[in-house]
Amino acid sequence: MKIPHRIPSALIAGGLLLTGLAGTAQAIEGVELSGYLTVKATYAANDDTTGQQSDYAGGYATDHVDFNTYGSTIGMQFDAELTEKINTTVIIEAYGGNDNFNAKVEWAYIDYHFDDRNRLRFGRYKGPFYMISEYQEVGYAYPWVSPPLEVYGTNPIEAVNGLDYVFQTTTSGGMDFLLEIYGGNGSNEAVIQPNVIDNWPTTPAPSKGTYVDFDTKNMIGFNATLGTDAVKFRLGYMSTKVDAPAFGMYNVSGSFGGVGLIVDVANFLAYAEFVDRDTEDRADMQMAFPDQRAGYATLGYRFGDFLPYFTYARIDRGKTESAMALKQSSLTLGLRYEVADGAALKFEATQAKPESLAGQPKYGLFDSPLQAETGTILAASFDLIF
Amino acid sequence: MLRTLFRRGLPALLIMLMLPGLVRAELAVIANPHNRLHGVDLDTIARVYRGEIRHLSNGVRITPVDQPRGSPLRKHFYEKVLHMNEKAVSRYWSKYRFTGKRKPPMVLSSDAEVKRWVASHPDAIGYISGDSLDDSVELLQIIP
Numbered sequence: 213m214k215i216p217h218r219i220p221s222a223l224i225a226g227g228l229l230l231t232g233l234a235g236t237a238q239a240i241e242g243v244e245l246s247g248y249l250t251v252k253a254t255y256a257a258n259d260d261t262t263g264q265q266s267d268y269a270g271g272y273a274t275d276h277v278d279f280n281t282y283g284s285t286i287g288m289q290f291d292a293e294l295t296e297k298i299n300t301t302v303i304i305e306a307y308g309g310n311d312n313f314n315a316k317v318e319w320a321y322i323d324y325h326f327d328d329r330n331r332l333r334f335g336r337y338k339g340p341f342y343m344i345s346e347y348q349e350v351g352y353a354y355p356w357v358s359p360p361l362e363v364y365g366t367n368p369i370e371a372v373n374g375l376d377y378v379f380q381t382t383t384s385g386g387m388d389f390l391l392e393i394y395g396g397n398g399s400n401e402a403v404i405q406p407n408v409i410d411n412w413p414t415t416p417a418p419s420k421g422t423y424v425d426f427d428t429k430n431m432i433g434f435n436a437t438l439g440t441d442a443v444k445f446r447l448g449y450m451s452t453k454v455d456a457p458a459f460g461m462y463n464v465s466g467s468f469g470g471v472g473l474i475v476d477v478a479n480f481l482a483y484a485e486f487v488d489r490d491t492e493d494r495a496d497m498q499m500a501f502p503d504q505r506a507g508y509a510t511l512g513y514r515f516g517d518f519l520p521y522f523t524y525a526r527i528d529r530g531k532t533e534s535a536m537a538l539k540q541s542s543l544t545l546g547l548r549y550e551v552a553d554g555a556a557l558k559f560e561a562t563q564a565k566p567e568s569l570a571g572q573p574k575y576g577l578f579d580s581p582l583q584a585e586t587g588t589i590l591a592a593s594f595d596l597i598f
Numbered sequence: 015m016l017r018t019l020f021r022r023g024l025p026a027l028l029i030m031l032m033l034p035g036l037v038r039a040e041l042a043v044i045a046n047p048h049n050r051l052h053g054v055d056l057d058t059i060a061r062v063y064r065g066e067i068r069h070l071s072n073g074v075r076i077t078p079v080d081q082p083r084g085s086p087l088r089k090h091f092y093e094k095v096l097h098m099n100e101k102a103v104s105r106y107w108s109k110y111r112f113t114g115k116r117k118p119p120m121v122l123s124s125d126a127e128v129k130r131w132v133a134s135h136p137d138a139i140g141y142i143s144g145d146s147l148d149d150s151v152e153l154l155q156i157i158p
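So the protein sequences, as listed, match chains Y and U.
According to my numbering, the first sequence is numbered sequentially starting from 213.
According to my numbering, the second sequence is numbered sequentially starting from 15.
By construction, these hints were calculated from the structure, which means they are not laboratory data.
Each computed DSSO-like pair below joins lysine-lysine, with the alpha-carbon atoms no more than 30 Å apart: (1) U:115 - U:89; (2) U:101 - U:117; (3) Y:297 - U:117; (4) U:89 - Y:444; (5) Y:316 - Y:420; (6) U:115 - Y:429; (7) Y:444 - U:101; (8) Y:453 - Y:316; (9) Y:531 - Y:420; (10) Y:420 - Y:453; (11) U:109 - Y:316; (12) Y:531 - Y:429; (13) Y:297 - U:115; (14) Y:316 - U:115; (15) Y:316 - Y:297; (16) U:117 - Y:316; (17) Y:444 - U:94; (18) Y:531 - Y:453; (19) U:109 - Y:429; (20) Y:444 - U:117; (21) U:115 - Y:453; (22) U:109 - Y:444; (23) U:101 - U:115; (24) Y:297 - Y:444; (25) Y:531 - Y:444; (26) Y:574 - Y:420; (27) U:89 - U:101; (28) Y:297 - U:109; (29) Y:444 - U:115; (30) U:89 - U:109; (31) U:109 - U:94.
Some residues of chain Y that are not near chain U, with every Cβ distance over 10 Å (derived): (32) 257; (33) 264; (34) 306; (35) 416; (36) 425; (37) 445; (38) 453; (39) 488; (40) 495.
Even glycine gets a Cβ: it sits at the ideal position worked out from N, Cα and C.
Could you build the full structure based on these sequences and the hints that come with them?
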């Protein structure tokens, strides 16, 4: 049996590891291999009010260019069709930054196809929390170097261990409709907010960029999309119970809701999304995971292989006003270039303006309040799929 | 006897009469002769290649196979049938493939491989150069 060979020659030349694994896959009957790679470099040199360097978004960008950065990823997906109705998928991923490229089985699930419209998936899968959450690691799939951090930074939940029911159909008018209902639990990591560390009640406080474990239980949510490949609307909501031992919190509730829109007509491209993180109204939860509302709009236009784009993003307080809530707006100018079929090079320059909420210092997404009104973040990435 | 000749022979004769046309045709969408795919239209074929459906409305399983990335046949097929260039096809699959919601067609290495695969897999559908067409596969559509 033949497996698809979608591996560009450049990649084969580039990685012995990859070709080695591809060779292994070819030997396994009926197993299909595909994958994605993102190499990312970021830079942000901004002084805080004490004259020290202030890193951006939990170590996403610092004042030294480092390729072992947050968002550098290699993922390999293995698919096998066991029967006409049963499929299995395993994704092995190695992630930069906090994870130091330690490869692990990130997602693994079994799919049961009742028919073309109804499907049940169980195992560990990427949750459809926000519009592009399911392919957040696949840089090639979207215009940006990183999905807007104001929005995507509000949800640190990586995966769901549980069930996922998907109903898909095409209406008589040619519109695709998808309704997905999912539930389960998960173990995750979240970076502690810098303003929380600066207000830590005991000494010594954890250092900035420290990650803490938290568990999600009784997650239940839905994801619905309606539209065509040209215009697609998205609506979703998920609620969960959270155990965060680092904060001494157990069985606290939180929810994530969002609406979104993707337009991809002729050469015109637009993404827009608004999300609402609403956590339980109690002092410790509002300190650790404060209510936030965030959104962005991206407009772009394809000139052949070049896609210049512009993003406005914003994060603000949510339903309950928390002194730890973050507020900022940012403008990003970016350029995506299609190097080859399945390979893209991207550059991004962001100007972020942290703002004050409830008389608190202006952190925004920075590690500490800046001297200047705004901070600059540069980022570039090379994204491949195979 | 005469009836059998009409049932089997006449279509064969018609195909033979069409053959000079087929030779000039750039691309032929083909299926396994044992599959019940007669009359499948291009719109349905496009939906199959986008991974939207795995079965026809009559319940028959249909599994697409693809030509290699960068081959002129693949470019021609996607432009004519799915109205997408190859980079748009890659962008499309990058959004779906890793979410587990849709699965791209299996890629084979050549025209001959595609024909062999389709001839030996009852649920298969593929496309080959019109010049490669023979009676091991059933012709579904000609793409000029």
